[in-house]
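Q: Line by line, the protein sequences are chains A, B, C, D, E and F. In this text, residue positions in the first sequence follow the working numbering: the first is 1, and each later residue adds one. In this text, residue positions in the second sequence follow the working numbering: the first is 1, and each later residue adds one. In this text, residue positions in the third sequence follow the working numbering: the first is 1, and each later residue adds one. In this text, residue positions in the fourth sequence follow the working numbering: the first is 1, and each later residue adds one. In this text, residue positions in the fifth sequence follow the working numbering: the first is 1, and each later residue adds one. In this text, residue positions in the sixth sequence follow the working numbering: the first is 1, and each later residue adds one.
Be a bit skeptical, because a hint or two may be false.
Treat identical chains as interchangeable: a pair holds within one or across any two.
As the list claims (entries may be wrong) - Think about it this way: if two alpha-carbon atoms lie no more than 25 Å apart in a straight line, the pair counts; the simulated PhoX-like pairs of lysine-lysine are:
1) Lys114 <-> Lys186
2) Lys100 <-> Lys328
3) Lys186 <-> Lys269
4) Lys340 <-> Lys170
5) Lys100 <-> Lys263
6) Lys26 <-> Lys100
7) Lys340 <-> Lys169
8) Lys169 <-> Lys328
9) Lys183 <-> Lys340
10) Lys170 <-> Lys100
11) Lys175 <-> Lys340
12) Lys26 <-> Lys115
13) Lys170 <-> Lys328
No wet-lab data here; the hints were simulated from the structure.
Number of protein chains: 6
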Amino acid sequence: MKVVTFGELMLRLAPEGYLRFIQSNKFEATFGGAEANVAVSLANYNQDVSFVSKLPNNEIGQMAINSLRQYGVNTSHIVRGGNRVGIYYCEKGASQRPSKVIYDRAYSSIALAKKEDFDWDDIFSGADWFHFTGITPALSKEVAEITLEACKAAKEKGIVVSCDLNFRKKLWSNKEANETMSKLCKYVDICIANEEDAKDVFGIEAKDTDINTGKLNKEGYVSVAEQLSQRFNFKYVAITLRESISANDNNWSAMLYNSKEGKAYFSKKYAIHIVDRVGGGDSFGAGLIYALRNSYKNQDAIEFAVAASCLKHSIEGDYNLVSLEEVKALANGDASGRVKR
Amino acid sequence: MKVVTFGELMLRLAPEGYLRFIQSNKFEATFGGAEANVAVSLANYNQDVSFVSKLPNNEIGQMAINSLRQYGVNTSHIVRGGNRVGIYYCEKGASQRPSKVIYDRAYSSIALAKKEDFDWDDIFSGADWFHFTGITPALSKEVAEITLEACKAAKEKGIVVSCDLNFRKKLWSNKEANETMSKLCKYVDICIANEEDAKDVFGIEAKDTDINTGKLNKEGYVSVAEQLSQRFNFKYVAITLRESISANDNNWSAMLYNSKEGKAYFSKKYAIHIVDRVGGGDSFGAGLIYALRNSYKNQDAIEFAVAASCLKHSIEGDYNLVSLEEVKALANGDASGRVKR
Amino acid sequence: MKVVTFGELMLRLAPEGYLRFIQSNKFEATFGGAEANVAVSLANYNQDVSFVSKLPNNEIGQMAINSLRQYGVNTSHIVRGGNRVGIYYCEKGASQRPSKVIYDRAYSSIALAKKEDFDWDDIFSGADWFHFTGITPALSKEVAEITLEACKAAKEKGIVVSCDLNFRKKLWSNKEANETMSKLCKYVDICIANEEDAKDVFGIEAKDTDINTGKLNKEGYVSVAEQLSQRFNFKYVAITLRESISANDNNWSAMLYNSKEGKAYFSKKYAIHIVDRVGGGDSFGAGLIYALRNSYKNQDAIEFAVAASCLKHSIEGDYNLVSLEEVKALANGDASGRVKR
Amino acid sequence: MKVVTFGELMLRLAPEGYLRFIQSNKFEATFGGAEANVAVSLANYNQDVSFVSKLPNNEIGQMAINSLRQYGVNTSHIVRGGNRVGIYYCEKGASQRPSKVIYDRAYSSIALAKKEDFDWDDIFSGADWFHFTGITPALSKEVAEITLEACKAAKEKGIVVSCDLNFRKKLWSNKEANETMSKLCKYVDICIANEEDAKDVFGIEAKDTDINTGKLNKEGYVSVAEQLSQRFNFKYVAITLRESISANDNNWSAMLYNSKEGKAYFSKKYAIHIVDRVGGGDSFGAGLIYALRNSYKNQDAIEFAVAASCLKHSIEGDYNLVSLEEVKALANGDASGRVKR
Amino acid sequence: MKVVTFGELMLRLAPEGYLRFIQSNKFEATFGGAEANVAVSLANYNQDVSFVSKLPNNEIGQMAINSLRQYGVNTSHIVRGGNRVGIYYCEKGASQRPSKVIYDRAYSSIALAKKEDFDWDDIFSGADWFHFTGITPALSKEVAEITLEACKAAKEKGIVVSCDLNFRKKLWSNKEANETMSKLCKYVDICIANEEDAKDVFGIEAKDTDINTGKLNKEGYVSVAEQLSQRFNFKYVAITLRESISANDNNWSAMLYNSKEGKAYFSKKYAIHIVDRVGGGDSFGAGLIYALRNSYKNQDAIEFAVAASCLKHSIEGDYNLVSLEEVKALANGDASGRVKR
Amino acid sequence: MKVVTFGELMLRLAPEGYLRFIQSNKFEATFGGAEANVAVSLANYNQDVSFVSKLPNNEIGQMAINSLRQYGVNTSHIVRGGNRVGIYYCEKGASQRPSKVIYDRAYSSIALAKKEDFDWDDIFSGADWFHFTGITPALSKEVAEITLEACKAAKEKGIVVSCDLNFRKKLWSNKEANETMSKLCKYVDICIANEEDAKDVFGIEAKDTDINTGKLNKEGYVSVAEQLSQRFNFKYVAITLRESISANDNNWSAMLYNSKEGKAYFSKKYAIHIVDRVGGGDSFGAGLIYALRNSYKNQDAIEFAVAASCLKHSIEGDYNLVSLEEVKALANGDASGRVKR
């Protein structure tokens with residue numbers, strides 16, 4: 001059985017090291033996108049996983065596909081066509097200088113995709129899990145409808161559906177997000193969010209928490225999860241908790257709320273020295289999917305997901321290139337960073 | 001007095017060395033575009049030159065502007081706005097493998113520019129020369145109209161107008177090009193073209209010449225120039241003559257037709273070992289503008305323009321980074337490549 | 001139906017550009033090996049192809065596998081185990097300075113592989129073509145026996161067998177090669193060789209040809225092909241003809257001998273400006289396999305194979321990263337290297 | 001109205017990353033110099049600014065000029081002549097290993113400049129601010145006199161004069177510095193210094209402060225500022241306060257003393273994880289000039305200057321490549337380093 | 001008088017920056033090995049030092065030798081022969097992700113060396129110190145015997161012998177190590193170990209210390225040193241004390257036990273921000289050899305050795321490229337990392 | 001017995017690939033200088049060789065020394081002191097664009113060296129050959145006198161003296177060169193020159209040869225050699241003959257004139273595709289010294305020297321990093337550039 005993820009895969013153009021855009025005459029050219037990042041993580045955990053999207057039939061589209069194939073993601077359901085690979089420019093921050101992301105994703109092949117591009121019956125053959133994020137339906141009205149079709153098809157086939165709210169204010173307004181995501185979330189079993197998404201998308205807040213200081217309010221997050229569960233009947237709500245000390249140093253932990261039990265499980269908290277934090281949330285989602293799909297207990301699941309995403313912060317690029325053994329070792333407590341010979 | 005050029009400035013993303021796109025995880029990030037390339041050449045010859053375009057108000061737009069400022073091009077008439085810097089991906093060919101260019105320029109700030117973005121009265125203040133190429137009006141109907149406005153304004157002010165036909169089949173059809181360029185060419189004094197443009201745009205042919213073999217038919221080119229001159233009343237027609245032996249080796253020469261005299265001047269021919277041939281035609285145009293604007297005799301003008309563009313083929317990137325002295329030295333006959341200490 | 005190739009995949013460590021080993025503190029790290037190179041070529045021509053080998057269960061082995069997966073080669077029959085990935089160090093020559101290859105491949109996982117590592121019945125399921133080269137049986141006596149088993153299994157299943165003689169004097173003596181290859185060639189349908197292999201392995205000579213001058217003796221090569229066909233009952237013998245002018249410039253052509261017809265087909269000859277010639281022979285083999293497997297006529301087949309391998313010389317690394325369309329374009333005569341926009 | 005800065009612009013040669021000189025065979029080649037750094041900062045804040053210096057009429061001199069032009073600094077008053085661009089070699093330290101700077105700046109074009117090279121009347125046309133540092137007069141006796149001429153000309157024209165004491169013991173002795181700077185400071189309105197300069201140049205000390213421990217003695221600094229103000233009649237004295245924890249970690253704050261009020265304003269203190277601290281002081285000076293020139297209140301001015309220079313520590317190279325918006329955001333309190341999308 | 005060290009010198013292949021192996025297509029290619037690292041350190045302290053080993057007679061062997069010669073190590077006793085330079089692949093860890101080392105050193109020239117390759121009488125001519133580590137005898141039984149011969153020869157000539165236990169579980173079992181090292185340690189005067197070696201090799205433990213938490217138990221280490229001294233009659237036992245907080249941050253100190261006095265000297269402790277920690281122990285050994293060979297007092301010796309190895313953590317590669325002056329400056333207390341101009 | 005060479009060793013700063021200076025923000029940092037280049041060549045041919053110079057006692061000076069030590073050159077007679085390492089900037093030409101060298105060597109440690117820095121008695125202990133070029137005495141009057149002292153000391157000790165005229169117009173006038181070189185040449189046994197040196201230094205011409213066309217006039221060169229021999233009593237005069245076709249392609253040959261025999265020996269001529277031609281003449285000198293010092297016959301000597309320098313053109317940097325075996329292979333006729341496996 002396989003996992004299917006659906007979304008956009010973008011070319012990521014990043015200056016080397018800590019150079020700013022305006023100092024650069026060279027870009028690291030890698031690929032990333034929320035749902036593709038999840039797919040790569042799962043492939044690295046030896047899961048059968050297929051990424052669904054649309055990419056142009058030129059060499060840049062091929063580069064994007066090859067970036068997934070090399071890690072073992074199935075790309076046979078990626079439709080070829082349209083004219084452009086979406087791009088995001090990514091400048092790495094340091095100390096008090098934040099990282100900066102400039103999107104150039106409008107008019108990409110997937111953003112202009114049509115319903116007839118995707119045959120969900122065929123795509124979901126052999127699948128037991130479907131994952132998407134709030135970015136996908138934000139790409140265009142048509143893609144939102146495609147996502148809805150996918151959700152319905154998944155539901156009919158008894159496929160588990162997970163969704164990371166992933167609000168992007170450059171793509172749509174809070175109101176648009178609320179409307180569309182409300183429709184989609186009816187089909188979602190497992191909802192993943194960061195500290196801000198619930199508020200941005202649904203207006204549900206973790207009271208008394210200032211995301212710029214990072215002081216956490218555990219009760220607040222439990223309340224957010226409860227509200228979300230009640231509104232959409234989620235089985236699980238997972239919330240990542242990032243405390244930004246600087247562009248280099250973050251604390252990182254998460255909570256898993258089991259709505260049936262009405263109980264929240266908090267992970268341990270990691271003090272992270274950041275190499276690259278883009279894709280951190282996606283690596284959490286992938287860790288959670290792995291853990292729940294492989295019947296981890298709730299506390300173990302949240303620890304696995306947080307350990308996986310903790311490690312992502314030490315890795316360049318969007319993809320979380322860590323093995324199952326490495327995540328388990330960290331989840332089991334070896335955080336000393338001692339050399340493995 | 002200054003020269004004004006108008007067009008698109010794109011981000012050029014190129015794999016290192018002779019790597020193919022699908023082998024690359026790093027792109028050289030430079031900037032280029034036909035009319036901007038001409039502007040940089042002229043600045044390198046100590047001409048006062050202003051490049052006019054529209055670029056987004058973000059760091060990528062700023063990189064584009066800085067790439068011009070560093071060589072002394074005036075960028076004060078570049079309008080900031082819109083959402084994207086057009087992109088072209090450029091893979092360098094070798095031997096029998098051709099170079100490959102993939103355009104991702106649709107929806108760029110300049111392609112979506114509006115008439116009201118440009119005040120040609122202000123822009124042309126202090127100008128005595130206006131240059132554009134066939135790429136600019138091909139960007140959109142609105143930009144074609146803007147170009148027409150610019151041509152009219154130039155004509156009224158007695159500004160010399162030069163145009164490189166520069167046909168791009170990915171941007172428009174031969175028919176569209178013919179219609180639009182026919183309107184614009186009425187205002188043009190000096191027409192620049194390569195071996196194929198006259199045919200692609202106006203259906204005017206240099207008979208008996210196969211561009212893939214590079215055997216030249218001098219009489220044919222003179223006839224093309226005559227036909228062009230007669231149709232549009234050009235003062236000068238310049239045609240570059242490229243013989244492609246391989247992706248590494250080209251022969252390069254050109255012809256300048258003085259329509260008043262009814263006489264054609266052929267340059268000497270250079271056997272070039274290519275470093276980067278993109279921008280070769282633009283560097284020719286810039287050389288010709290320099291020479292004519294500085295009252296070179298016809299034969300000297302075509303020799304200067306060809307020497308300038310010969311040198312361009314030895315330089316990485318779109319911009320022709322050579323000095324007046326270097327062009328003169330080559331035009332005067334020192335082609336031995338001996339070390340200058 | 002799929003093609004199966006069997007051999008070693010090595011880590012290739014190469015200084016940047018034209019640097020010598022003793023000037024370098026950085027190595028390009030790519031992967032290559034005769035049979036893997038063939039597999040990548042075929043995948044690039046959209047053929048279903050599986051590469052069979054043994055690689056250690058560590059990250060270096062994984063890098064090797066990923067290098068194939070990214071281009072779409074099936075790696076599911078690569079056995080994981082043993083301790084090392086074979087290495088070759090490769091220094092690029094220029095002008096009169098030859099390229100230099102230093103092998104460090106002894107004791108690699110595949111060289112120490114055991115018969116029980118490979119289940120040819122399973123591997124050949126769905127296959128219609130099997131390819132190996134003379135390097136594989138030279139790795140060890142056990143691997144020679146494994147290759148023999150593979151040949152027998154292929155024969156039983158009616159799978160076409162092709163073999164590139166590929167003599168490597170660092171791996172075995174002429175005598176050892178003769179003995180082992182004589183046994184294997186009984187099962188081979190299509191034999192591929194360069195100008196020297198037939199002599200080195202079987203003592204069969206192309207008279208009057210000095211490989212250091214590159215003056216070809218067409219009759220001699222036909223005679224070599226005839227002798228080979230008669231001794232081993234090959235259906236086809238293909239011989240590549242390299243004329244080394246310098247480390248930068250080679251002439252390249254080939255001959256296909258159809259033993260049933262008793263007729264030789266010579267390709268056109270390309271004057272190549274070399275980017276990287278390693279893997280040139282493998283890209284020829286892959287081109288030939290593609291052409292014969294897709295029922296090209298004899299002359300068309302040899303033209304396709306030579307065009308494919310001509311292009312390889314313009315590409316960095318062992319793998320021939322060209323598409324079917326690109327090979328066809330060159331085989332059909334467009335060798336001018338003009339920019340594709 | 002414009003700002004004028006005067007000094008040396010050097011080629012900065014730096015090994016990549018944390019490599020030591022003796023491990024390197026490649027240098028990052030950028031440009032920097034105290035007064036040029038200030039000019040670039042001001043250009044980045046959209047101020048009209050002209051940098052005055054002398055640079056050789058060769059390509060290395062041109063590189064230096066282009067490095068300024070790309071950021072919008074006016075370079076039309078840079079005199080071309082002399083033989084060399086001064087150089088400094090810069091090795092980045094880490095942890096307990098300090099950064100190392102080796103100067104090779106003697107005999108540079110500016111160090112050998114003559115009075116007649118500079119026409120201050122012309123240079124100061126349209127200027128309302130003049131800035132130099134203690135490095136400029138230390139270059140040579142002649143340059144000291146040129147600086148004095150500039151100060152006098154500025155004073156006559158009612159131009160504000162700011163000076164960063166910037167003591168360099170490799171360029172002159174404390175005694176020489178004292179003599180020369182005492183003459184120049186008569187014309188200075190705003191004096192900028194780090195914790196050590198006042199002592200090194202004028203023997204004025206911040207008592208009870210050990211610069212190697214970084215424990216600050218606020219009262220001591222106020223007393224230093226008072227003494228400086230009294231001796232030279234400065235309107236403002238600004239002192240930067242660096243606490244060096246290691247080569248990677250510094251605390252950074254500053255004080256602005258308003259001599260008319262007799263009151264000191266201390267900024268907040270930033271814990272900085274350093275990318276590159278060279279140019280930190282210059283970026284502070286530029287921030288202060290911007291703030292005072294744009295009529296910021298005293299507390300706001302020192303906060304702006306410290307925020308600007310805090311950000312500089314996160315940027316590679318001498319130039320502080322941050323925008324007005326970025327400095328304001330940090331000065332207004334967002335130091336969390338969260339990604340800007 | 002000179003120092004002699006004996007062991008393996010390996011090619012170290014490392015991805016750039018924090019890239020993982022499976023993201024890399026380029027390796028930094030440097031050289032390292034415990035005893036060679038010690039030799040380079042000593043050469044940097046202006047000691048006459050000769051490194052003894054066996055390396056193949058090809059360019060890779062030559063690269064290894066050149067890497068030592070450039071720092072002034074005498075390589076005239078390195079035997080040329082055999083087929084391979086041992087390799088280790090080294091991936092740099094960050095935050096909670098540990099560094100990873102993959103060895104590919106079997107069958108190297110030194111591992112297959114023979115007794116007759118080394119003439120210790122000749123090698124030790126002019127020597128007063130011999131150093132090896134536990135890695136050397138672990139390479140093969142023959143090399144263990146060669147090491148024993150060297151120790152005996154040294155003892156006969158009155159040469160001081162130092163040994164770093166350096167247990168490598170990939171090379172031999174604890175039992176094998178115990179047997180062989182017990183024989184060799186009879187000839188050793190000065191024993192160096194990290195927190196784990198004494199236990200791994202001889203079963204001697206520092207009770208109550210968990211190496212993953214880094215909480216130190218000073219009494220435990222003194223007891224370990226006492227036990228070691230008593231068993232092997234060492235004059236000195238030095239133990240390095242690493243507290244691993246993360247892959248980026250370690251605390252580092254050490255203890256020197258003088259067995260004659262029965263007294264332990266603890267160094268100050270450094271909080272290190274790591275650039276590259278490989279070779280940290282070797283740089284400690286070299287510092288200790290320097291200090292003891294130059295008659296430093298016990299406390300001064302351990303401070304010098306710890307300062308030297310503290311600095312190593314800030315340097316890329318195995319070799320500790322610091323000067324005597326730099327070590328002394330740190331040992332004397334300047335740990336602020338302030339720029340040296 | 002050893003060879004001694006004396007001169008300047010400079011830091012060579014070169015943009016990557018074919019980039020122009022004004023496109024670069026990174027320089028390859030290597031070292032070179034005529035006499036040091038000769039020393040490295042000789043060390044590569046296993047000759048005992050010592051390079052004598054003066055270099056500052058800082059890390060840049062140390063880098064220079066290490067660059068020689070790594071190839072086995074004895075650096076123990078390099079005096080440390082003074083303030084700067086001379087620099088030359090080197091931009092690689094291509095096709096019709098010539099390479100460009102900008103010198104920044106004035107005031108270097110060696111240019112300001114004093115007689116008392118060098119004890120020639122000590123330096124020449126164990127020497128049988130002394131080599132310098134016309135660059136060394138051109139550095140300063142004092143260095144010219146030091147060179148004269150060295151020549152006299154060499155003569156007294158019966159040491160062979162060779163000199164490459166190496167005229168540099170940036171360092172001195174033809175008249176100064178003539179005066180000084182005339183004094184020095186009295187002590188010279190073997191004179192090396194290129195096509196222009198004899199004329200530039202001594203006004204002796206090879207008639208009817210235009211160095212920009214490269215058409216050679218063999219009789220003219222013999223006449224030049226005769227005149228030189230007669231004027232200075234040289235035993236041998238060797239002249240290199242370069243025909244510049246373009247910056248990429250040169251023909252290369254040379255002549256050795258044996259004045260005792262009154263006979264000239266011309267080498268074969270190589271058509272070279274250039275990687276880096278700087279140091280070509282020095283590599284010829286080194287080849288000639290090797291050949292004559294090892295008693296090659298005249299024809300063999302000139303073939304060895306030309307083959308050695310032909311290979312240099314294929315190598316990046318000043319140093320000719322080729323082995324004896326490689327030069328011999330080419331001199332013996334294998335110029336095909338076929339891969340060595």
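Q: Each hint needs a verdict: does it hold in this structure or not?
A: Going through the hints against the structure:
1. Lys114 <-> Lys186: within (23 Å within a copy, 44 Å between copies)
2. Lys100 <-> Lys328: The answer is between: 16 Å across copies meets 25 Å, while 32 Å in one copy does not.
3. Lys186 <-> Lys269: For lysine 186 and lysine 269, neither the intra-copy (31 Å) nor the inter-copy (49 Å) Cα distance is at most 25 Å.
4. Lys340 <-> Lys170: between (42 Å within a copy, 11 Å between copies)
5. Lys100 <-> Lys263: neither (37 Å within a copy, 39 Å between copies)
6. Lys26 <-> Lys100: both (17 Å within a copy, 19 Å between copies)
7. Lys340 <-> Lys169: Classified as between: cross-chain Cα gap 11 Å, same-chain 42 Å, threshold 25 Å.
8. Lys169 <-> Lys328: between (35 Å within a copy, 22 Å between copies)
9. Lys183 <-> Lys340: Neither: 48 Å inside a copy, 29 Å across copies.
10. Lys170 <-> Lys100: Within. Shortest intra-copy distance 13 Å satisfies the 25 Å Cα cut-off; inter-copy 33 Å does not.
11. Lys175 <-> Lys340: between (50 Å within a copy, 21 Å between copies)
12. Lys26 <-> Lys115: Neither way: lysine 26 and lysine 115 sit 37 Å apart in one copy and 34 Å across, limit 25 Å.
13. Lys170 <-> Lys328: The answer is between: 23 Å across copies meets 25 Å, while 36 Å in one copy does not.
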